[in-house]
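**Student:** Once you've looked at the hints, dock chain B against the given chain A.
Here are the chains, one letter per residue:
Protein chains: 2
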Amino acid sequence: MGRRLVNGVEAGAVAADDRGLQYGDGLFETMAARDGRIRAFALHMARLEGGCARLGIPMPAPALLEEECLQVLEDLGTGVVKLVVTRGTGPRGYRPPREPTVTRVVMASALRAAAAAGEGIVVRVCETRLARNARLAGIKHLNRLEQVLACAEWDDAEIAEGLMLATDDRVIGATAANIFLVRHGRLHTPEIRDCGVAGVMRQQVLNLAKTLELPVEVGDFGLPELRAADEIFLTNALTGIRPVIEVPGEGSWPHGEVTQRLRTRLEAAGEPG
Amino acid sequence: MGRRLVNGVEAGAVAADDRGLQYGDGLFETMAARDGRIRAFALHMARLEGGCARLGIPMPAPALLEEECLQVLEDLGTGVVKLVVTRGTGPRGYRPPREPTVTRVVMASALRAAAAAGEGIVVRVCETRLARNARLAGIKHLNRLEQVLACAEWDDAEIAEGLMLATDDRVIGATAANIFLVRHGRLHTPEIRDCGVAGVMRQQVLNLAKTLELPVEVGDFGLPELRAADEIFLTNALTGIRPVIEVPGEGSWPHGEVTQRLRTRLEAAGEPG
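Heads up: the protein sequence lines correspond to chains A and B, in order. Under the working numbering, read the first sequence as residues 1 to 273, first letter to last. Under the working numbering, read the second sequence as residues 274 to 546, first letter to last.
Only chain A is shown next, with the shape it has when bound in the complex:
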């Protein structure tokens, strides 16, 4: 277990009446750290700020959050920093307090061993679906039971991730990753409008595609389009770009040229890849 700060104090505990626990009334960010630095910190802060605005939670000062992240990271240097921001404690009842005192939790942990770069991963299709509600889409809030139930569906070390469909059969992403298809040299990734999280690495790949003048379509697709893809990859802030080489029952794919090109560029920029 790595170091932890709760509201800036070395502590392991949060008040039992914190609304983060009572209702999932808060947000989080999971960030990659290398050599004592947090990767893409500004992008994580931008998403957190968007989430705070959506939920009406006051955004803590990013400089304070960064200081606390670096503090818990001191011993490890390289690993994962997870930040949780909640609406703090309050009287019983769903109604948010008018002037909440936000709770900040910052925790460091070691990065789990990942597959060797370029190996490619096998991914399944989960039965648990994502409910559709535009008010909660895109932001990284603490209501994550759908992801928990999806991850409980399999217990096979060969399966690295689980794809999640919305209740209307659109492919949205994986339990903790966004998805991109490559078809005829074009990227295709779902629009995050009524479910799913707008990932920081997804944003970095979209930015990179612009730089590389790779055409991108952001829009809906289902399993038929997935089966017809030339390449598939997942994106996540900790694991970068991971080529999907097999989805049992749906097909298999190569670690293709477009995916490799994007990975190489991300790695050159010092990002995980």
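No lab work stands behind these hints, which were simulated from the structure alone. Treat the hints loosely; a few may be bogus.
[Claimed, not checked] With a straight-line Cα cutoff of 25 angstroms, these simulated SDA-like cross-link-like pairs (lysine to any residue) come out:
1) A:LYS140 / A:ASP220
2) A:LYS140 / B:LEU511
3) B:LYS413 / A:GLU153
4) B:LYS413 / A:LYS210
5) A:LYS140 / A:GLU49
6) A:LYS140 / B:ARG327
7) A:LYS140 / B:ILE412
8) B:LYS413 / A:ALA15
9) A:LYS210 / A:ALA269
10) B:LYS483 / B:ARG459
11) B:LYS413 / A:GLU49
12) B:LYS413 / A:PRO97
13) B:LYS413 / A:THR167
14) B:LYS483 / B:GLU400
15) B:LYS413 / B:LEU316
16) A:LYS140 / B:LEU316
17) A:LYS140 / B:THR537
18) B:LYS413 / B:GLY363
19) A:LYS140 / B:THR401
20) B:LYS413 / B:LEU511
21) B:LYS413 / B:GLY458
[Said to hold, decoys possible] Just some of the chain B residues that point at chain A, by a computed CB distance under 10 angstroms:
22) THR303
23) THR351
24) TYR367
25) GLY411
26) HIS414
27) ALA425
28) THR448
As the structure is a prediction and not an experimental result, all values here were calculated from the model. Each residue gets a CB set at the ideal place from its N, CA and C atoms; glycine is no exception.
**Tutor:** Same frame as chain A, but now just chain B:
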């Protein structure tokens, strides 16, 4: 602030890496207490057990939970006991630990002043909708951001509750209550199949209707059916049956004969009403 127990110990805090906080990975019950006794404890335990089974969380022994509830209630005697059960702590990541150590939080608080019995309440229609996912419907899990956002929509003491519609326009209930319509002497309450919570007081009213040989329809309805109702009431374990006398923009209703009859019977049985 009333007394609190975390895993049987007088304490105010929960581990920062508790999955209840990290993902809303748990369940809760909010129970009315009178003169040192918990009302409808068996029904609350039955719903909690159903929720634990759905989420794959081991159900704590009800006798232990009752003992802890009575312990935090000692000073107040009459009020509210809230119980939270989570999947406990675990390593980072959505995947549930194979052998979780469940966290139990039990908290007592005073009952807020309610409207005088029989006065009737004014209720609004919320803009925040309920997303539809059968896997999470009915149980009282900790993913409650939709209710939080709905309650943040108004700040008018005259409005006692907010009605919530599903994303497909069906009326499901209120932020913290179930709803019943009365029409031509029949009760009508939404089926809880893809969103909403199957309330303990809703179950008590359904049982009572059977005893009284009141016909009941459990099925879908929208705002047009609500407008056409003869009577409307909300049910909640703490506030019992509350007649709805007005929904601004939709209509007004009397505190009608069927609602009164149900209230009288509930009160005679020692339930809140």
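**Student:** Take the hints in turn and mark each one as holding or not.
**Tutor:** Hints and how they fare:
The straight-line distance between the Cα atoms of A:LYS140 and A:ASP220 is roughly 21 angstroms, inside the 25 angstroms bound, and the hint therefore holds. A hinted pair counts as satisfied when its Cα atoms are at most 25 angstroms apart, and A:LYS140 with B:LEU511 does not qualify at roughly 32 angstroms. Restraint check: the Cα-Cα separation between B:LYS413 and A:GLU153 comes to about 21 angstroms, which is no more than 25 angstroms; the hinted pair holds. Among the hinted pairs, B:LYS413 with A:LYS210 is inconsistent with the structure: their alpha-carbon atoms are about 45 angstroms apart, more than 25 angstroms.
Restraint check: the Cα-Cα separation between A:LYS140 and A:GLU49 comes to about 11 angstroms, which is no more than 25 angstroms; the hinted pair holds. This hinted pair checks out: A:LYS140 and B:ARG327 have alpha carbons roughly 24 angstroms apart, not beyond 25 angstroms. The hinted pair formed by A:LYS140 and B:ILE412 meets the criterion: a straight-line CA distance of about 23 angstroms does not exceed 25 angstroms. Taking the CA atoms of B:LYS413 and A:ALA15, the gap is about 21 angstroms. The hint holds against a cut of 25 angstroms.
Using a Cα cut-off of 25 angstroms, the hinted pair A:LYS210 and A:ALA269 holds, with the two alpha carbons roughly 15 angstroms apart. Proposed proximity of B:LYS483 and B:ARG459 is supported: the alpha carbons are some 12 angstroms apart, at most 25 angstroms. This hinted pair does not check out: B:LYS413 and A:GLU49 have alpha carbons roughly 29 angstroms apart, beyond 25 angstroms. A distance of roughly 22 angstroms separates the Cα atoms of B:LYS413 and A:PRO97; the hinted pair therefore holds under the 25 angstroms criterion.
Proximity of B:LYS413 to A:THR167 is assessed by CA-CA distance (about 21 angstroms); at most 25 angstroms being required, the pair is judged to hold. With a CA separation close to 34 angstroms, the supplied pair B:LYS483 and B:GLU400 exceeds the 25 angstroms bound. Our distance criterion of 25 angstroms between C-alpha atoms is met by B:LYS413 and B:LEU316, whose separation comes to about 13 angstroms. Between the alpha carbons of A:LYS140 and B:LEU316 the distance comes to roughly 34 angstroms, so the proposed pair goes past 25 angstroms and is violated.
Restraint check for A:LYS140 and B:THR537: not satisfied, since their Cα atoms lie roughly 46 angstroms apart, outside the 25 angstroms limit. Simply put, B:LYS413 and B:GLY363 have alpha-carbon atoms about 22 angstroms apart, close enough for the 25 angstroms limit, and the pair holds. The straight-line distance between the Cα atoms of A:LYS140 and B:THR401 is roughly 18 angstroms, inside the 25 angstroms bound, and the hint therefore holds. Proposed proximity of B:LYS413 and B:LEU511 is supported: the alpha carbons are some 15 angstroms apart, at most 25 angstroms.
Between B:LYS413 and B:GLY458, the direct Cα distance comes to roughly 30 angstroms. Violation of the 25 angstroms bound is thereby established for this hinted pair. Hint status for B:THR303: holds, given a least beta-carbon distance of 8 angstroms to chain A, under 10 angstroms. A distance limit of 10 angstroms between C-beta atoms decides the matter here; for B:THR351 the minimum to chain A is near 15 angstroms, and the interface restraint is violated. Interface hint status for B:TYR367: upheld, as the beta-carbon distance to the closest one in chain A is roughly 4 angstroms, under 10 angstroms.
Interface hint at B:GLY411: violated, since its Cβ lies 13 angstroms from the closest Cβ of chain A, which is beyond the 10 angstroms cut-off. With a least beta-carbon distance of about 6 angstroms to chain A, the hint placing B:HIS414 at the interface is held under the 10 angstroms criterion. Given hint, B:ALA425 at the interface with chain A, holds; its Cβ is 5 angstroms from that chain's nearest Cβ, closer than 10 angstroms. Against a cut-off of 10 angstroms between C-beta atoms, the interface hint on B:THR448 holds, since the closest Cβ of chain A lies about 6 angstroms away.
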